[in-house]
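Sequences listed follow chains A and B, in order. Under our numbering, the first sequence has 91 at position 56, and the numbering climbs by one with no breaks. Under our numbering, the second sequence has 24 at position 27, and the numbering climbs by one with no breaks.
Read the hints as simulated data drawn from the structure, not as lab findings. All values reported here derive from a predicted model rather than from experimental measurement. Please note that the accuracy of each hint is not assured.
Here are the simulated lysine-lysine pairs, DSBU-like style, with alpha carbons at most 35 Å apart [stated by the list, open to error]:
(1) Lys95(A) <-> Lys71(B)
(2) Lys194(B) <-> Lys24(B)
(3) Lys303(A) <-> Lys220(B)
(4) Lys241(B) <-> Lys155(B)
(5) Lys43(B) <-> Lys150(B)
(6) Lys37(A) <-> Lys303(A)
(7) Lys180(A) <-> Lys145(B)
(8) Lys248(A) <-> Lys37(A)
(9) Lys145(B) <-> Lys102(A)
(10) Lys145(B) <-> Lys248(A)
(11) Lys150(B) <-> Lys95(A)
(12) Lys241(B) <-> Lys220(B)
(13) Lys102(A) <-> Lys24(B)
(14) Lys43(B) <-> Lys248(A)
(15) Lys180(A) <-> Lys248(A)
(16) Lys43(B) <-> Lys155(B)
(17) Lys150(B) <-> Lys180(A)
(18) Lys37(A) <-> Lys195(A)
(19) Lys303(A) <-> Lys241(B)
(20) Lys180(A) <-> Lys24(B)
(21) Lys155(B) <-> Lys194(B)
(22) Lys248(A) <-> Lys320(A)
(23) Lys102(A) <-> Lys71(B)
(24) Lys71(B) <-> Lys248(A)
(25) Lys194(B) <-> Lys180(A)
(26) Lys195(A) <-> Lys180(A)
(27) Lys145(B) <-> Lys194(B)
(28) Lys303(A) <-> Lys194(B)
(29) Lys180(A) <-> Lys69(B)
(30) Lys145(B) <-> Lys95(A)
(31) Lys150(B) <-> Lys24(B)
(32) Lys95(A) <-> Lys241(B)
(33) Lys69(B) <-> Lys95(A)
(34) Lys69(B) <-> Lys24(B)
(35) Lys95(A) <-> Lys194(B)
(36) Lys180(A) <-> Lys220(B)
(37) Lys248(A) <-> Lys195(A)
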Amino acid sequence: MKELLVLSGKGGTGKTSIVGSFAHMAESKIMLDCDVDASDLHLLLSPVPVEEHEFRSGVKARVNSEKCSTCGMCAELCQFDAVSMHDTAEILRISCEGCGVCAHFCPEQAITLEENHCGTWYISDTEFGPLVHSQLFAGEENSGKLVSHIKSQARNLAEKTSAELILIDGSPGIGCPVIASLSNVDHVLIVTEPTQSGKHDLERVLQLTRHFKIPTMICINKWDLHPELSDEIEFLALEEDIEIVGKIPFDPMVIDCQIQGVPVTSSKTSLAAYSLRVLWDTVQKRINGLQSSQGIQTLS
Amino acid sequence: MQIAIASGKGGTGKTTVATSLALSADKATQYLDCDVEEPNGHIFLKPDFNHSEICTVTIPEVNTEKCTACGKCKDICRYNAIVQFGDTVMTFPEMCHSCLGCFLVCEDDALISSTREIGVLESGIASGIDFVHGHVRIGEAMGVPLLKAVKAKADPDKLVIIDAPPGTSCPFVESISNVDYVILVTEPTPFGLYDLKLAVQVLQNFNIPGGIIINRSDLGDNKVQEFCEEVGLPVLMEIPFERKIAEGYARGKPLIETVPELRTAFNNVLEQLTRQMA
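Extracted from the complex, chain B is given alone in its bound form (with noise of 0.2 Å):
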């Protein structure tokens, strides 16, 4: 079974959640970071790292002596990443989509195949849960390939959290993609409310069944619990905000271990998705 942890709005809690359903499972569990832009769940997981590789695209580049300037590449890509002047043909790495037209289109065998480094993969083990995420290259504005590299490390036989990106974007999409459940996290404000709106829409136009998690559910009004009673979403766990919650936080302790009588709150979440989803 695969859960997304997602939000919309940044900085509600999905690694909070992520982190503390991952160590309150009973069964063998795996934990996809798929926030390569800001990747925070090894703060708190701590896993030791095994293994590592580079993540990268295949881009073109030019064979000066077999290209006849044909002009076929540059029309064919729809991203400005191939230009020509007169006989000259560039590329222009940072805007390649890696769709390989341009290969397919060259009669003459003048493009060769290299590649662009997106980021790093890592994955390794923390408190007995496969541990996986990855590290966007900074400046690299196409994380989507990394991500679907750490996605595509899902194992079928584990129950798999994935801590997904904030936003609604592509991003958010495909961490969310195939997945049995997604559990939106948010909080009991207008701008919680407002991103929990958009991000529910998504749920809604791919059919993918979801519930909320209020986090810091004492600041802020009813205006969240509301919507969920009027577009029929379980709220399946609140989480009030304590001083002593926030402190463990910051120094990136889990929350189950700051407050550990959540952990059979957590594992009933687990246990009511799993028989939902059987």
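Looking at chain A on its own, in the form it has when it is part of the complex (with noise of 0.2 Å):
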């Protein structure tokens, strides 16, 4: 079973577009939304909850105010601000790291530990195969924590129905849940576009799968928009020895089938959704560990 990983570093780039065009083609596989704290790809698979799970993680201090003689000992040694005081300590749950310091120096006991239900995960079935997805609660953390649990749902379910491929949706950004999301991820696509953001962020992106040692390949969405800025991409790809295994065009039809709910690879007369074929194709070829026939693709 292998697992593929599409990421970006600039939000925005159409990863999702490009997993759900994925999800239409691909055989013998799950889908998985690593993006937990705005998932979009339900959006373009109607799935169907078959199971809904809660996610607890950590724990978050609570005061019993009857018992708070307000000395303040809790807001002294809280190193992330989120004590203030008044008639008694208050916690910003917010800002809580769960620390449990403020608990455990406490004179009165007046401080106890909440274990943090802080979002939910389903299992899905879809048109195109199962989807394990989830919503973290609007401004909470753990995002990392709750990537690493719905990875180990989805192999579990990989393995359960024998599917080949682990296909993920993942977040923007090269933090915390991006860094939950590489763990033992057999390849990463980077969903780039021809812009100076898109390049910067590229960049940051690329350096972190090398940190992880990852193998990584690179498709430049939107490639039309600015060619120029397409061939400097290229050239970076060159030069860092990754494989650019597709170039897809400005196409509007991508949002109307947004709009709509479905895959751009759906659509019969998109031209995003030819070159999405064709990037399928490679991207295929790469997991199934077929290489490029010339090593690195030339400059266009």
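Using the hints, put the two chains back together into the complex; each one sits in its own frame.
Following this line, the structure appears as structure tokens:
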């Protein structure tokens, strides 16, 4: 069983639209949405939930106002500015990291630690196969832990269903949820766009996949919005010895399909859909261990 | 006054709006790029940096000479950053959240205060604007302390524009906490709307006033406008999709240089918010 993770560094380059199309084309796979705080893949796959589970992780401090003597010890020790002193000590839930230092040192034992219910995760059926997805409650932390949790659930499910591939939609950035989503991944596909920002963020996420030594491919989305910058990205890839596995043109049909809630590749007339089929063909070969005949693709 | 530019969904145009607002302001302005994972503001504002500092957090290191392997440090650590095998106590710096609990419980003075680098903070001047941003170290999962360090540079005498990271989890919340107003930038697509709703929920939870800017307003449907009307959020501005704008953005050109007429529109938004907050 292989794992393909789609990342981008910069947000809004087209990760989810591409994963949605791969879901439409790939065989013997399950889908996993690791963008846990702004997940959108379900909007393309019309999932019907089969299982729904609470996600609990870490703890939050809670003050028993009857016992609190307002000595201020907790506020003094808290490194996260999560305690403010009023008639009693008050915990700012969102700032609390659940370290438990306040509870440990409170002379009145007025602080308890409560398990934090911070999201929901689902296994759903879709037209294209099972989808493991989740929703971290708005403003919550522990996104990395939720990613790790649904990743292990997805692996179990893939084993149970003998799926050959886990198709993973990642989050933007290079921080906690992205690092968690990289664990045990076989291949990363980075979706970038021909903008200075896209290129800058691509370089950062490339450094990250190199740091974790994960084979990486690049796809340039909306490449024709700036062909010169697209060339610059191809040159960068050449220098970094990373293959450009596809280039997708700008196509308003991608948004039309999003509004209809279907993958782009379900459109017969879309230009982007054609390029996505070619892209998937190449990505599939790389996942199955077939290398590019020329090694690295030459500059166009 | 502090205004944060945020979005939920990535790539909707936060940096485009944030840089244009900063460049359209009539008064002394400061730009804080709080997207420490993928900062992009500098690409558009091109600051001359004159200051750089390494941002670190405190982590424990075991002094084996003094350690009696009593187990108190490992017991208080809730992040598995300290483990003990027999008489050997080991620390895992990447897991540490710097709560300092272990230092407080150690009675043998056996923990040495050490540091972990989480990234670099840089500041400078861009077209008369005070500019601050941070780059989190590659492989570092905890960017929030660096984000806080960037935010701590906020100048109370200036108009502060905060460019927030995407998403709706802790880095987003940290960026918008204690600001006077949040502008959510969205696009009129199902993805844009879904993530906008999540972001609006956070604003409502924290009771922070906010308004919406719709980017690429002609590529999509009317559902974002309908949602804004429904929840009573003002649409401050709509920016259409134009190839010219996309090309300028691609090259790192601020929007108000590509379309100078928009300067007045951005300035009006600032004026309106200033009056509203007064």
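Quick rundown of the hints versus the structure:
no. : hint                    : in the structure
1   : Lys95(A) <-> Lys71(B)   : holds (19 Å)
2   : Lys194(B) <-> Lys24(B)  : holds (32 Å)
3   : Lys303(A) <-> Lys220(B) : holds (26 Å)
4   : Lys241(B) <-> Lys155(B) : holds (32 Å)
5   : Lys43(B) <-> Lys150(B)  : holds (19 Å)
6   : Lys37(A) <-> Lys303(A)  : holds (29 Å)
7   : Lys180(A) <-> Lys145(B) : holds (22 Å)
8   : Lys248(A) <-> Lys37(A)  : holds (16 Å)
9   : Lys145(B) <-> Lys102(A) : holds (32 Å)
10  : Lys145(B) <-> Lys248(A) : holds (30 Å)
11  : Lys150(B) <-> Lys95(A)  : holds (29 Å)
12  : Lys241(B) <-> Lys220(B) : holds (26 Å)
13  : Lys102(A) <-> Lys24(B)  : violated (50 Å)
14  : Lys43(B) <-> Lys248(A)  : holds (32 Å)
15  : Lys180(A) <-> Lys248(A) : holds (22 Å)
16  : Lys43(B) <-> Lys155(B)  : holds (20 Å)
17  : Lys150(B) <-> Lys180(A) : holds (30 Å)
18  : Lys37(A) <-> Lys195(A)  : holds (14 Å)
19  : Lys303(A) <-> Lys241(B) : holds (29 Å)
20  : Lys180(A) <-> Lys24(B)  : violated (43 Å)
21  : Lys155(B) <-> Lys194(B) : holds (30 Å)
22  : Lys248(A) <-> Lys320(A) : holds (20 Å)
23  : Lys102(A) <-> Lys71(B)  : holds (28 Å)
24  : Lys71(B) <-> Lys248(A)  : holds (31 Å)
25  : Lys194(B) <-> Lys180(A) : holds (23 Å)
26  : Lys195(A) <-> Lys180(A) : holds (23 Å)
27  : Lys145(B) <-> Lys194(B) : holds (25 Å)
28  : Lys303(A) <-> Lys194(B) : holds (32 Å)
29  : Lys180(A) <-> Lys69(B)  : holds (25 Å)
30  : Lys145(B) <-> Lys95(A)  : holds (21 Å)
31  : Lys150(B) <-> Lys24(B)  : holds (18 Å)
32  : Lys95(A) <-> Lys241(B)  : violated (49 Å)
33  : Lys69(B) <-> Lys95(A)   : holds (21 Å)
34  : Lys69(B) <-> Lys24(B)   : violated (54 Å)
35  : Lys95(A) <-> Lys194(B)  : holds (25 Å)
36  : Lys180(A) <-> Lys220(B) : holds (33 Å)
37  : Lys248(A) <-> Lys195(A) : holds (28 Å)
Violated hints for the displayed structure, listed by number in ascending order: 13, 20, 32, 34.
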